[in-house]
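As they're listed, the protein sequences go chains Z and S. For the first sequence, my numbering begins at 1 and goes up steadily by one. For the second sequence, my numbering begins at 1 and goes up steadily by one.
The reader is advised that the hints may include incorrect statements.
[As the list claims (entries may be wrong)] No farther apart than 20 Å at their CA atoms in a straight line, the calculated lysine to aspartate or glutamate pairs in the DMTMM-like style are these:
#, chain 1, residue 1, chain 2, residue 2
1, S, K80, S, E212
2, S, K2, Z, D17
3, S, K99, S, D139
4, S, K2, Z, D93
5, S, K216, S, E179
6, S, K53, S, E218
Don't read these hints as lab results, they were simulated from the structure.
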Amino acid sequence: MARSKRAQGTSGSTRADVILHVIAAVIAVLGLADATYLAVQFLTGEAVVCGGSAECSKVLGSGYARIGPVPIAAFGVLAYFAAFTCAVFAAFDYARMRRLFAIVVWAMFAVTLWLLFVQAVLLHAFCRYCLLSAALVFVLAAIVVLRPPAR
Amino acid sequence: MKRYLPFVIVAVVGLITATAATMLYRAKRVPTATLELSPAEKTPNKWLHVRGKADAPVTLEEYGDFQCPPCGALSEPLNKLEEEYRGRLRLIFHHLPLKNHQHARAAALAAEAAAMQSKFWEMHDILYREQAVWSKAGDVSELFNSYAGIIGLDLARFKKDSAGGEAAVRVDADSRRAETMKITTTPTIFINNQLVPASSLNPAALHSEIDEALQKRETK
Numbered sequence: 001m002a003r004s005k006r007a008q009g010t011s012g013s014t015r016a017d018v019i020l021h022v023i024a025a026v027i028a029v030l031g032l033a034d035a036t037y038l039a040v041q042f043l044t045g046e047a048v049v050c051g052g053s054a055e056c057s058k059v060l061g062s063g064y065a066r067i068g069p070v071p072i073a074a075f076g077v078l079a080y081f082a083a084f085t086c087a088v089f090a091a092f093d094y095a096r097m098r099r100l101f102a103i104v105v106w107a108m109f110a111v112t113l114w115l116l117f118v119q120a121v122l123l124h125a126f127c128r129y130c131l132l133s134a135a136l137v138f139v140l141a142a143i144v145v146l147r148p149p150a151r
Numbered sequence: 001m002k003r004y005l006p007f008v009i010v011a012v013v014g015l016i017t018a019t020a021a022t023m024l025y026r027a028k029r030v031p032t033a034t035l036e037l038s039p040a041e042k043t044p045n046k047w048l049h050v051r052g053k054a055d056a057p058v059t060l061e062e063y064g065d066f067q068c069p070p071c072g073a074l075s076e077p078l079n080k081l082e083e084e085y086r087g088r089l090r091l092i093f094h095h096l097p098l099k100n101h102q103h104a105r106a107a108a109l110a111a112e113a114a115a116m117q118s119k120f121w122e123m124h125d126i127l128y129r130e131q132a133v134w135s136k137a138g139d140v141s142e143l144f145n146s147y148a149g150i151i152g153l154d155l156a157r158f159k160k161d162s163a164g165g166e167a168a169v170r171v172d173a174d175s176r177r178a179e180t181m182k183i184t185t186t187p188t189i190f191i192n193n194q195l196v197p198a199s200s201l202n203p204a205a206l207h208s209e210i211d212e213a214l215q216k217r218e219t220k
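Build out the structure end to end from the sequences listed, making use of the hints.
Given below as C-alpha cells:
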C-alpha cells in the first residue's frame with residue numbers, strides 16, 4: 001500500500017487535509033464563476049454594474065484591468081481553475097498537488113495584493129467583484145497556512 | 001474508479017465553466033454595428049450614424065440625448081427591433097443634447113470621439129446602458145474614459161478627440177439641424193420621414209409603425 005502511494009506521489013493525508021482541500025476546491029469554483037463573469041463582461045464590451053455604483057466601471061475600464069488586449073479576469077479564470085484542479089487532486093491524496101496548490105495560491109495572493117493596491121491607492125475606487133475575488137483568495141491562502149504542504 | 005474521479009471532477013467543472021461562459025457571452029453580446037452608408041450619404045453627410053442596411057425599406061431616424069431617460073429606455077428596444085427586422089430596417093441617430101441635462105453634451109462628444117475610431121454605436125449602447133450611473137456623477141470624464149477602455153478605443157486619441165473641435169462641430173451640426181426642423185424634445189423619431197407621435201414612443205407601437213411602413217413600401 002505504502003509503495004503504491006509513493007508511486008502515485010501520495011502522502012497519506014489526514015481527514016482534516018481532505019476536508020480543507022474540498023473546501024478550497026469549492027472556494028476556487030466560486031472564484032472561477034466570479035472571474036468568468038468578469039472576463040465575459042469584458043469580452044462583450046458590457047460595463048459591469050455593481051448595484052448602480054460607478055466604481056466598477058472605473059476599475060474594470062482602467063488600463064490596470066488588462067494586459068494588452070487580455071483582461072486580467074481571464075488570467076483569474078486560469079488561476080482559479082488551476083487552484084481548483086490542484087485542490088481536487090490534493091483532496092485525493094496527491095502530495096505533489098498540495099505543493100503546487102500552495103504555489104498557485106501564493107501567486108494569486110501576490111497578484112491580489114497588487115490589485116488591492118491599485119484600487120485603493122491608484123484608482124481610489126473599488127469593484128465589488130474584485131473584492132469578492134480578493135476575499136476568496138485570502139481564504140485559500142488561510143487554508144494553505146493551516147495545512148502547509150509536507151516538505 | 002476512485003483513481004479517475006479527480007480527473008472526472010476537474011473535467012466536468014471545466015466543461016461547465018466553458019459552457020456557462022459561452023452561453024453568457026452569447027446572451028450578452030451586443031449585435032455588431034454595421035455601418036453601411038449609401039453613396040449619397042457618404043458624400044454630403046459623412047458624419048451620419050447609421051445602423052443597418054443602406055437599402056433597407058424602412059428608416060427609423062432618432063434625435064436623441066444620451067442623458068434623457070426615455071431615450072435610454074428606448075435604446076435597447078430599438079436595438080432589438082433592428083435585430084428583428086434585420087435587412088428591412090435601418091436606424092439613424094442624430095444628437096440633440098438638451099441644455100437642462102448637465103452631462104448630455106459631454107456624452108454626445110464622447111460618442112463622436114468614439115465615432116472617429118469607428119465605434120459610435122458601441123459607445124452609444126454603453127452610454128445608454130450606463131445612463132443611470134454617469135448621469136448622477138459629478139465628473140463624467142473618468143467614467144467616459146473607462147467606457148472608452150471597455151469598448152477598446154485608443155484612450156489617448158479618445159481624450160484628445162472628445163476635447164477637440166471636430167466632435168463639437170459634429171454635435172452642433174446635428175443640433176442645428178434639429179433646430180431647423182423645430183425639434184425640441186427627445187426622443188423625436190421619424191419613420192420613413194414621418195414623425196412618430198409621442199404616444200407611439202414605446203416598443204409595441206413602434207413595432208406597429210414599422211410594420212405599417214413596410215406594408216406601404218410593399219404596396220408601392
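Hint by hint, here is what the structure shows:
no.	hint	in the structure
1	S/K80 x S/E212	holds (18 Å)
2	S/K2 x Z/D17	holds (17 Å)
3	S/K99 x S/D139	holds (17 Å)
4	S/K2 x Z/D93	holds (11 Å)
5	S/K216 x S/E179	violated (29 Å)
6	S/K53 x S/E218	holds (17 Å)
Hint 5 alone, counting from the list given before, is not met by this structure.
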